[in-house]
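All chains, please: the whole structure from these sequences, using the hints.
Read top to bottom, the protein sequences are chains A and B. Following our numbering, the numbering of the first sequence begins with 1 at its first residue and continues without gaps. Following our numbering, the numbering of the second sequence begins with 1001 at its first residue and continues without gaps.
In short, the hints are calculated from the structure, not lab data. Predicted model only: the values in this text are computed from it and were never measured. Errors might be hidden in some of the hints.
What the hints assert, rightly or not - In the PhoX-like style, the derived pairs of lysine-lysine whose C-alpha atoms are separated by at most 25 Å in a straight line are:
no.: 1; chain 1: B; residue 1: LYS1106; chain 2: B; residue 2: LYS1081
no.: 2; chain 1: B; residue 1: LYS1109; chain 2: B; residue 2: LYS1081
no.: 3; chain 1: A; residue 1: LYS57; chain 2: B; residue 2: LYS1106
no.: 4; chain 1: B; residue 1: LYS1109; chain 2: B; residue 2: LYS1076
no.: 5; chain 1: B; residue 1: LYS1068; chain 2: B; residue 2: LYS1106
no.: 6; chain 1: B; residue 1: LYS1068; chain 2: A; residue 2: LYS9
no.: 7; chain 1: A; residue 1: LYS9; chain 2: B; residue 2: LYS1081
no.: 8; chain 1: B; residue 1: LYS1057; chain 2: B; residue 2: LYS1109
no.: 9; chain 1: B; residue 1: LYS1081; chain 2: B; residue 2: LYS1057
no.: 10; chain 1: B; residue 1: LYS1106; chain 2: A; residue 2: LYS9
no.: 11; chain 1: B; residue 1: LYS1068; chain 2: B; residue 2: LYS1109
no.: 12; chain 1: B; residue 1: LYS1106; chain 2: B; residue 2: LYS1076
To be verified - To spell it out: a stretch of chain A is covered by chain B in this simulated footprint if at least three of its residues, at any positions, have a beta carbon under 8 Å from a beta carbon of chain B; those stretches are:
no.: 13; region: 13–21
no.: 14; region: 47–60
Quick reminder that beta carbons are idealized off the backbone N, C-alpha and C, glycines included.
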Amino acid sequence: DSGVTQTPKHLITATGQRVTLRCSPRSGDLSVYWYQQSLDQGLQFLIQYYNGEERAKGNILERFSAQQFPDLHSELNLSSLELGDSALYFCASGGGGINQPQHFGDGTRLSIL
Amino acid sequence: GQNIDQPTEMTATEGAIVQINCTYQTSGFNGLFWYQQHAGEAPTFLSYNVLDGLEEKGRFSSFLSRSKGYSYLLLKELQMKDSASYLCAVSRAYSGAGSYQLTFGKGTKLSVIP
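Pasting the structure below:
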């Protein structure tokens, strides 16, 4: 158990819809990272928050947004969903130090029908 | 930009030794991580290298050469449960506290056969 909690585990929805994925980091971790993993692309970094502030952006689409709340949990919002958004979405947390590993939650499997 | 290369697949025999290579090109290098990921599960941390040389952790060891942009993960006494994908990830720091980013390779799928 990594200590990172993601909900829901599975999500099935239709094209054009909007969903929210939730992540609670490990106790004491200030950083939250979001990743998308599809079969052909591997693990792609989307966005990082540190203590409530956005720190880094990766390959995140404009239809996607995220935020980190004062209690340090984070939400990833995906809107105008397309078939190609079907993937595993992972949240990871870390202390923020460059030598500290990121610890991953179990992921949310998103299926767009 | 960053470029990370790993073999796509490897097969090895139970009890044997296997070496999984990773080459990278990046600016602002701040270390290299190896993760293990079983199918459909979360990646789990295996090792971290920031200085040149070998880090040993039980059956797993990881090596780094910064000048060559090269790392490898060595798995000894292979077990069936070691069948998984192994992800190489390069760390890069940004300015500001807590600002660092991992870029992952596409992973090497290792199959351990009896």
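- Of all the hints given earlier, name the ones this structure violates by number, lowest first. 6, 13
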